[in-house]
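From first to last, the protein sequence lines are chains A and B.
So the first sequence is numbered by our numbering: it starts at 1 and just counts up by one.
So the second sequence is numbered by our numbering: it starts at 1 and just counts up by one.
Treat the hints with caution; some may be incorrect.
Simulated coverage check for chain B against chain A, where a stretch passes if three residues somewhere in it have a Cβ under 8 Å from a Cβ of chain A [what the hints assert, rightly or not]:
no. : stretch
1   : 120–129
2   : 214–220
3   : 232–241
Below, a list of computed lysine-lysine pairs in the BS3-like style, where the Cα atoms sit at most 27 Å apart [said to hold, decoys possible]:
no. : chain 1 : residue 1 : chain 2 : residue 2
4   : A       : Lys168    : B       : Lys105
5   : B       : Lys175    : B       : Lys105
6   : B       : Lys165    : B       : Lys186
7   : A       : Lys168    : B       : Lys243
8   : A       : Lys78     : A       : Lys58
9   : A       : Lys11     : B       : Lys105
10  : B       : Lys270    : B       : Lys186
11  : B       : Lys270    : A       : Lys141
Hint data in this document are derived by calculation from the structure and do not stem from the laboratory.
Just so it is clear, CB atoms sit at the ideal spot from N, CA and C, and this is done for glycine as well.
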Amino acid sequence: MAKHWGQHLLKQILRVMLLMAATSIVTFMLMKLSPIDPLQANVGQNALGSMSQEQIAKLREYWGVGADPVKQYLSWAKDFCRGDMGISLLYRQPVRNVIAVKLSNSLLLLAFAWVMSGILGFLLGILAAMYQGRLPDRIIKGYCIIISSTPTFWLALLLLLCFGVWLKVLPIGLSVPIGVEAAGVTLGDRIYHAILPALTLSITGISNIALHTREKMIEIMESDMVLFSKARGESRWAMFRYHGFRNALLPAITLQFASISEIFGGSVLVEQVFSYPGLGQAAVSAGLGSDLPLLMAITLISSAFVFGGNFLADLLYGIIDPRIRRGGQHI
Amino acid sequence: MKRIRLFFQNRRQRVLVGVILSASLLLILCIVGAFCADAARVTDFSRKNLEPGIPYLFGTDWLGRDMLMRTLAGLSLSIGLGVLAAAVSACIALILGIISATMGKTADTIITFLIDLMMGIPHILLLILVSVALGRGFRGVACGVALTHWPSLARLIRAEVLQLKEQPYIQIARKLGKSNWYLAKKHILPHILPQFFTGLVLMFPHAILHESSITFLGFGLSAEQPAIGIILSESMKYLVTGKWWLAVCPGVMLAAVVMLFYLTGEQIRKLLDPGSVHE
Numbered sequence: 001m002a003k004h005w006g007q008h009l010l011k012q013i014l015r016v017m018l019l020m021a022a023t024s025i026v027t028f029m030l031m032k033l034s035p036i037d038p039l040q041a042n043v044g045q046n047a048l049g050s051m052s053q054e055q056i057a058k059l060r061e062y063w064g065v066g067a068d069p070v071k072q073y074l075s076w077a078k079d080f081c082r083g084d085m086g087i088s089l090l091y092r093q094p095v096r097n098v099i100a101v102k103l104s105n106s107l108l109l110l111a112f113a114w115v116m117s118g119i120l121g122f123l124l125g126i127l128a129a130m131y132q133g134r135l136p137d138r139i140i141k142g143y144c145i146i147i148s149s150t151p152t153f154w155l156a157l158l159l160l161l162c163f164g165v166w167l168k169v170l171p172i173g174l175s176v177p178i179g180v181e182a183a184g185v186t187l188g189d190r191i192y193h194a195i196l197p198a199l200t201l202s203i204t205g206i207s208n209i210a211l212h213t214r215e216k217m218i219e220i221m222e223s224d225m226v227l228f229s230k231a232r233g234e235s236r237w238a239m240f241r242y243h244g245f246r247n248a249l250l251p252a253i254t255l256q257f258a259s260i261s262e263i264f265g266g267s268v269l270v271e272q273v274f275s276y277p278g279l280g281q282a283a284v285s286a287g288l289g290s291d292l293p294l295l296m297a298i299t300l301i302s303s304a305f306v307f308g309g310n311f312l313a314d315l316l317y318g319i320i321d322p323r324i325r326r327g328g329q330h331i
Numbered sequence: 001m002k003r004i005r006l007f008f009q010n011r012r013q014r015v016l017v018g019v020i021l022s023a024s025l026l027l028i029l030c031i032v033g034a035f036c037a038d039a040a041r042v043t044d045f046s047r048k049n050l051e052p053g054i055p056y057l058f059g060t061d062w063l064g065r066d067m068l069m070r071t072l073a074g075l076s077l078s079i080g081l082g083v084l085a086a087a088v089s090a091c092i093a094l095i096l097g098i099i100s101a102t103m104g105k106t107a108d109t110i111i112t113f114l115i116d117l118m119m120g121i122p123h124i125l126l127l128i129l130v131s132v133a134l135g136r137g138f139r140g141v142a143c144g145v146a147l148t149h150w151p152s153l154a155r156l157i158r159a160e161v162l163q164l165k166e167q168p169y170i171q172i173a174r175k176l177g178k179s180n181w182y183l184a185k186k187h188i189l190p191h192i193l194p195q196f197f198t199g200l201v202l203m204f205p206h207a208i209l210h211e212s213s214i215t216f217l218g219f220g221l222s223a224e225q226p227a228i229g230i231i232l233s234e235s236m237k238y239l240v241t242g243k244w245w246l247a248v249c250p251g252v253m254l255a256a257v258v259m260l261f262y263l264t265g266e267q268i269r270k271l272l273d274p275g276s277v278h279e
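Whole structure, please, built from the sequences with the hints as guidance.
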């Protein structure tokens, strides 16, 4: 059935590409629809008033005001396909450079939070389900409910208040110490400054995965195979190892890859609170400042992560679950 | 006395009482908050930067505004906006979900593609985009929240309807010559409505959280309005100087409201889902 599998993959790749193209069009359209005048937003009313018509016309051209949207989009798309993402209007640098710097800052944060929340969430979910209705379950469930009702940015503020302002053990913001030259920043410094944002993201990421894993695992614990294994007198560990683990892993993996989008969304908020110069903060300033090329690139990159994640989850499914690998899409 | 005890032994009735209580609590909060809007704007420099105590339970800020009033007003604004936007979003989800499941392959392909597209862009980013497209402000947030929350519920409804359509009793009803309208009214809607309703209530907390987040980032309501996101983003500037109450008190209230919505939603799900009656 390898042919089936290959076809399936090809279809998925095509689909992702189509989705990416649609994402770029939607982003572009939304930005173009905006009634906010980029000149007013970035240059300011006063400065505009004192400028000559020529200067204003030049600025209008720079910010792409009044240009034909279709033409503008097509020329953007052509450049983008060749790897040229244009020039960021706010940073006055090629978008590629801006993204490279911001992404390398964010990636540390995102990767840590993603892995931590995935592993911890899965384990806590399993633990809660195996002790359903008892103390560990209650604690874990309570934690999850409280965290999922807490706004991410407020949690970030609280942690900042605790560790940054009261205990003074962790820095208040930024990804590097203030007043140190770029060359003098060590990896230790960067990790030290990323602890709080990463912690916030991990704490919030856990709850979703834990709750879903718990539900799935409870289902498994009620199945006949687990009943039989109880009757045989197997230990909890054996039940988990031989019956629970693989079955609970499948939905957890889907969730884990689907959570990329949420973690990215959380990072936008968290980076704003800690003024951590990452991709999320760049997205906010690009949105506020109508920086079209930068925002397009950020949207596309983040959705590439999301679609890529879904795609990987699909692949992993085949590896973990032999039924899907053999049976094609007939399951 | 005995009657009351018996009444509370019935889980269904217990849950119902809980739902009514929390719903009325939220309603009261919403109404009280609306009346606090004027009091929230009063500035008085003779009482600025007070720590929480009596008579200012939540303290006052650097302009001498009563934080309790501001919090209540902000919450009522957030709750109203969140409920309204979530309701719109849920209706979109219901319509698109049903269309997708019943109107043939083309409609299904288009709507599924749309759902995937919406879910592919990180939610906050999508909110930012929609809000910017509508020129920020109240309209931007309201439309942003209303237009971006439907995909997961629509997917759920679509799957449910698709599954229902294949059920023997519906197939038989169709073969017996019942009209589409009859099928929808008698067989499909009664199954979908509980799901829809639960989805709607569980959408409220999300909508409120997203509303406050987007306002916090500066894309939402303008700075004069006492929205909870604005209050928290202002408090960020004063955090370093040790004015903890500006951030802590409104945040606790927001989290509590969201949790109340969440728990109510879970309770309603238990009420409406016959499968969990015997838990």
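Pairwise hint evaluation, Lys105(B) against Lys168(A), where the allowed Cα distance is 27 Å at most: Judged against 27 Å, a Cα distance of about 60 Å means the pair is violated.
Chain A covers the stretch 232–241 of chain B, three or more CB atoms within 8 Å, holds or violated: Check passed, 5 qualifying residues.
Would the hint linking Lys175(B) and Lys105(B) be met if the CA-CA limit is 27 Å? Holds: Lys175(B) and Lys105(B) sit about 22 Å apart, inside 27 Å.
Would the hint linking Lys78(A) and Lys58(A) be met if the CA-CA limit is 27 Å? holds, 24 Å
Is the listed coverage of the stretch 120–129 of chain B by chain A valid when you require three or more residues with a beta carbon under 8 Å from a beta carbon of that chain? This one holds; 8 residues, not fewer than the three required, reach chain A with a Cβ under 8 Å.
Annotated coverage of the stretch 214–220 of chain B by chain A, confirmed only when three residues or more have a Cβ within 8 Å: That given contact holds, which follows from 4 residues of the stretch 214–220 of chain B lying within Cβ reach (below 8 Å) of chain A.
Decide if the proposed pair is consistent with the structure: Lys11(A) and Lys105(B), CA atoms, cutoff 27 Å inclusive. Since the Cα atoms of Lys11(A) and Lys105(B) sit roughly 17 Å apart, the hinted pair holds (cutoff 27 Å).
Pairwise hint evaluation, Lys243(B) against Lys168(A), where the allowed Cα distance is 27 Å at most: Holds, because 15 Å separates the two Cα atoms, which is no more than 27 Å.
Taken at face value, is the distance from the CA of Lys186(B) to the CA of Lys165(B) at most 27 Å? holds, 13 Å
Under the criterion that the straight-line Cα-Cα distance not exceed 27 Å, is the pair Lys270(B), Lys141(A) satisfied? Between Lys270(B) and Lys141(A) the Cα gap is close to 17 Å, so the pair holds against 27 Å.
Between the alpha carbons of Lys270(B) and Lys186(B), is the straight-line distance 27 Å or under? holds, 23 Å
Hint compliance for this structure: hint 4 alone is broken.
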